[in-house]
Amino acid sequence: MNRLSVVLVFGLLGSTWVQAETIVEKRIASTRRFLPLKKLTVGPDDQYHGVVDSDGRFLVFTHKSDLVSHLKVQELATGENADLLPLTADSQEPALSPTGMLAFSYYKYSARGDICYASMPVKIGTPIDDSKIKCLKRGVGENDTERGGPFWRSSDEIGFVTRDIQNKIWRIVSQNINTGLIHVLESGKVWSPYMKPAGRYLTFEQITEKGEATRRNLVLEDLTNGQKKVIHFSLPGISGFPTISDDEKYLYFSHYLNDTNQDNVIDGSDHAVVFRVPVQKIMLAAENAEVFPEQLTSVESSCSFPRVRADDLFVTCAFEGNLDIYRSPITGIVPDGWSKPILMNALQTSRSYQDRILVMNTLKYRFGDESFTEKLFNNHVLSDDTAAARYYLSTITQSAPAKSRNFYALLDLYLRIRELKKTQPSDEVTRELQLKMAGFETEVKKISSEPGLKNVVQGFIHAYLGQNKAAISDLKRVSFTGRKVEPLERFLHFELEDRVNPNLEAYRQMMLAPELSEESQLYYAFNALVFLENQNPKPGVRLMALKKLNQGLSKPVSALIASEVAVLELIQAPNDAEKNKSYRVLDKLMSESRDDYYLRKASYVRAILNFAKADEFNFLNNVATNWLRYTKDGDTEFIYAREVFSNSALDQAYDNYGKKNFNYAGNFFYGSISLTDDLESHYGYIKTMVQKGARKTIDDRYTNLKQREFIEDNMKFVDALLVVIDQNANEKSLDEALKSLQAMTQDRDSAVRYLFMGYCHVRKILIHNTGRDFDQNLFQMAHRELMLAYDLGRDNERIKASALMNLGILHQRVDNFALSSRFFALRKKLQFVSDDERAQFEWHYAHSLYLSRDAKGAATELSETPEKLMSSAYLERQAFYQMAGAQYQVSAKAFEQLLRDHKIEGTANLMKAQMNLGFNQFKLGQKQNAKESWQKALTQLNQMNPKPDSTEMILDGLLAQVTVGAEKLSYLNRRDVLLRNAKGAIAEWLPTVIQNKLQIAQAYSDDKNDALAVQSFEDSLKLAKEYGDTNQYFGPVIQNTVKDYLIHGLKHPAAYLSQDAGLIKQVVESTIHTYDRSIYEDSHLQLQNLKLKLLWSAYEHKVLHQAGGDASLDSILNSARAKQVKDDLPEEFKQLIKLKAAI
Amino acid sequence: MIKNYTLAAVVVLVSFAGACTPKIIVMDEQTILEKEAAGEWPQLENLLLENATVQGPTPISRTAVTAKKARLYNVLNGGMEKQ
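Chains as they are written, first to last, in the working numbering: chain A, 2 to 1144; chain B, 235 to 317.
For the record, the hints were derived by calculation from the structure and aren't laboratory data.
Careful: at least some of the hints might be erroneous.
As a list, the in silico DSS-like pairs of lysine-lysine whose alpha-carbon atoms are at most 27 Å apart [what the hints assert, rightly or not]: (1) A:K27 x B:K302; (2) A:K948 x B:K269; (3) B:K269 x A:K661.
Stretch by stretch, here's where chain A covers chain B in the computed footprint (C-beta under 8 Å, at least three residues) [said to hold, decoys possible]: (4) 265 to 273; (5) 281 to 291; (6) 294 to 304; (7) 307 to 313.
Far from chain B, by Cβ distances over 12 Å, these chain A residues were calculated [unchecked claim]: (8) A83; (9) N380; (10) D428; (11) I448; (12) E487; (13) N657; (14) K932.
The beta-carbon is built from N, C-alpha and C at its ideal position, and this holds for glycine as well.
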């Protein structure tokens, strides 16, 4: 594990034993924040169910790619991973024993799964040999039972679940691996068992049924006395995947707490959260009593399947695109040293309702603070999580005074109505929806008090039925004056109004609402500013509305509006002096609000977003600096302020880099290095300094950074980059860089590191560019590293753009053109830094598209090159792609233009342009123009030295298509000579020669030169025999040759009188024999054979004067084969009838 | 669509002018057509290939707001507790 991770994972806030190395690491370690989950596996596939061996050395997990799952192993210290089991069968659900034995579910011998086991290898690299894998034997009648969920009950007993689907018998059993003896531990609807090897407790999931009601619970069983506890948690949702800590003091489990997929059911499809609860708390709880567990992860990270080893918790999470395995302290992501004030601070600075819920649950668990039930309910309502909200509402209602019952009843009705609405796939009002809403309406009417909230709930019913006018009338009937208003009533009133009649006045009413907290008033003021911006983004228009809005508001809300005014005036200001004047106003407001957290945050966020849209990066940076400056180190807001500042510094740096202000860019990158020591800032700084010709300064600056302990391990990255830059990316420098990068520990999992490593490997492949060969090993490494860069850099557009470009080039180089095109397509969605970069990209993307058989797409893509960069090469290539994509008209026009403007350079390119122009003309039916173009191309070809014979053959072939008689024959005969000299250089040489020879024969025949035609047919027949004798009688080459020969003979029998019939007889019989014996019962093939039989029979009769005639032809057409063809291909069979008539 | 051309082109799979023992490589129609009929711009192509591979992040000035960044700027509603 790298050093920074050690700090992040174990470095609890305020701990004195933190051992950070650099200044930056120390700063990060001392920041109050949720402890980040440490990612152990990396994509692009799913990786889950991680377990760690007792030494903490290996992580074993299930890897799933394209629906195939199998076990892999990863060395935790290095990140190196390999297949653990052979890929010949699916495997999953690993379980490790303290003695180094691995148990798992294996699907090699049974689709229902076996429980197998093997010794863990001493080192990783080679999968465990199949011969070393043993599987538990099945008893009589157990062949159809499913087996899964293995765990080690002791060092020689494996526990697992068996499911007899037919008889609906589920059991948890254990089986001795030596004796085969089976012991039943549990029966019923039970699954997901776990126990520590030789431990005291067994835990599992269980479904209990009472009448029609079913309940899903975790169960904990004390095996020493048989005491069994069905666990009831005081949480909304359901639990699963229980496990027990090494010391058996805690039960860990996954819990589906919220309805994250908004389907109104909290189930396994929702985001999971990991909890833990002391075993003693469960065992001592009264029957059916609820226990409250400790929340360890946030809903947002969706973590499940916990496994504990010593002080580490290993979980599978799904928040970064794929399932991956992460590590966290066993106490979870909220540092266990946090006091109540710190937790309250974290509650205030939360960035999501889910984070708030995590902190509230922590406060409730650690400090027994029960006051959070209502807050939890509210936050579930605010995040529109109706299922969980209803759970808390029922708890609140039970203890609520009688006078509040109707209020809560109406809230419950609202939640049910909302639930119903969420189940509708669209805004369509169905009959079923109308009926159900009518039922709710009756329930609302029954409630005798709370007229205000009644109208609001009634309004929601109208709104969801598409009756907005009625909903607006409902809203108008609500008066907030002269009575006590509950915040939730006000909230729902606004939600409804915002849905049916969104308007600025509604926001203003919320900003003024006396029963709302300052935080809420500011929230609505903030959203009013967003609403205004969405209505009209022009600062001038917004300013007028804001001045009108800012009347009669509370001081903090008014200050927020005033801040927005100052920001917009700054954006509108015509010069620097005016801008600075506006900034001073803003700065004063920021200074005054420094102690008001909610106001400060709301005004900073608005200022930053406004400045970012207006490209006012200087002022944006000032605001970010203030945010950081006015946030104290110990504040949980500090980590966010720091991130805002860091983002701002990088944005500033890149903005200046883009404008070629390298001095400023360098300063901002350097500032970011001092704050973050991250590889992106190092890369940006070095590149900027090189751009401005200050290579020497880089060395001086880094010497200084090292002396001040601002950099240590990341110096390896700096060294790697510098050696590649200094030596112009030659192979030696790439090897040296890779060595340095591989030795990195601190930012080993940085996307920037993987991107650079991938680059080095791609460059090595390009350096060794030997035709179509490439080093498979280098390719695999480059692909993996670049995919990792893409995966890890998911939130960084700049990294993603580079990774995708490199992946596109890599796959183009190894002929994976379709995949290359896909990477380029993804790259295209991101921005380009310059027209040059765009033009360069278009060239490569178009090339991959063309090579993946999308020539038309390639032509279109190339046309997106910035016009000023459409050089001759681009225009020529575009015309070529158009021709290949059958866009002959535009292609011909483009080639004509290029030739007319003399834009084509070099004889070879001129010749090709002329040839392509001719091809387009030929396709457009302009044979004479095509002939002239091709003749010009031939002239240019003859000027070339050396002259490519291949092109001459092509031109001869093309010209033969637009000429007749002696001229045509001259091209074909020259092609024949060239072809014969090319023996050994062309794949499929003989068929090509035969084809050309047949064309010659046909040309002589057309020219009425029967003697030479016969001679050429004889020549092609000899070649056909030569080809056929290499087991090639099957196929169109011989078929065509023989048929052409026979047809010519039938047309000109006199010319064949003197020919020896032996050769044609031999070839025909061999061909017919081959087809007759064919194992392919294909009627299309037999149709061709029947044609040949008919022609041969006619030839024998008419040319060779042998017996036969019509009777013989009839017998062919009445054969069993012919009948089969007639049945299968009745239309095609008519061709045989016509042929018979013709011959 | 381009069959006639490629039929003409398909005969040559590698240039064999002046080669002693040419190596035969089976190529698809696109590759052959490109080899025989597309213009050759070696200097430009080398330069484009040289520049196409990137060592580090692309210096895009303005990037889209990602979910991670947007979360940073999230402003939440306050509590709605009963009075």
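**Prompt:** Far enough from chain B: is every CB of that chain over 12 Å from the CB of I448 of chain A?
**Reply:** holds (17 Å)
**Item:** Interface-negative label, N380 of chain A against chain B, beta-carbon threshold 12 Å
**Value:** violated (8 Å)
**Message:** Would the non-interface assignment of A83 of chain A survive a Cβ cutoff of 12 Å against chain B?
**Reply:** holds (28 Å)
**Asked** Checking the smallest CB distance to chain B, is D428 of chain A really beyond 12 Å?
**Response** Correct as stated: the minimum Cβ-Cβ distance to chain B is 25 Å, above 12 Å.
**Asked** Are there three or more residues in the stretch 294 to 304 of chain B whose C-beta lies closer than 8 Å to some C-beta of chain A?
**Response** Coverage by chain A holds here, the residue count being 9 at a Cβ distance below 8 Å.
**chain A over the stretch 265 to 273 of chain B, status - at least 3 residues with CB closer than 8 Å** = Since three or more residues must qualify, the claim that chain A covers the stretch 265 to 273 of chain B holds, with 7 doing so at under 8 Å.
**Message:** Given the hinted pair K269 of chain B and K661 of chain A, is their Cα-Cα distance within 27 Å?
**Reply:** With Cα atoms ~40 Å apart, K269 of chain B and K661 of chain A exceed 27 Å; violated.
**chain B versus N657 of chain A - minimum CB to CB distance exceeding 12 Å, so not interface** = Contrary to the label, N657 of chain A does not stay out of reach of chain B, its closest Cβ about 9 Å off (not over 12 Å).
**Message:** Using C-beta distances, would you say chain A covers the stretch 307 to 313 of chain B, given that this needs three or more residues below 8 Å?
**Reply:** It holds: at least three residues are needed, and the stretch 307 to 313 of chain B offers 7 whose Cβ sits within less than 8 Å of chain A.
**12 Å Cβ clearance of E487 of chain A from chain B** = Contrary to the label, E487 of chain A does not stay out of reach of chain B, its closest Cβ about 6 Å off (not over 12 Å).
**Asked** Are 3 or more residues of the stretch 281 to 291 of chain B near chain A, judged by a Cβ distance of less than 8 Å?
**Response** holds (count 9)
**Item:** 12 Å Cβ clearance of K932 of chain A from chain B
**Value:** Label holds. Min Cβ-Cβ 15 Å, cutoff 12 Å.
The structure does not agree with the numbered hints 3, 9, 12 and 13 stated previously, though it agrees with the rest.
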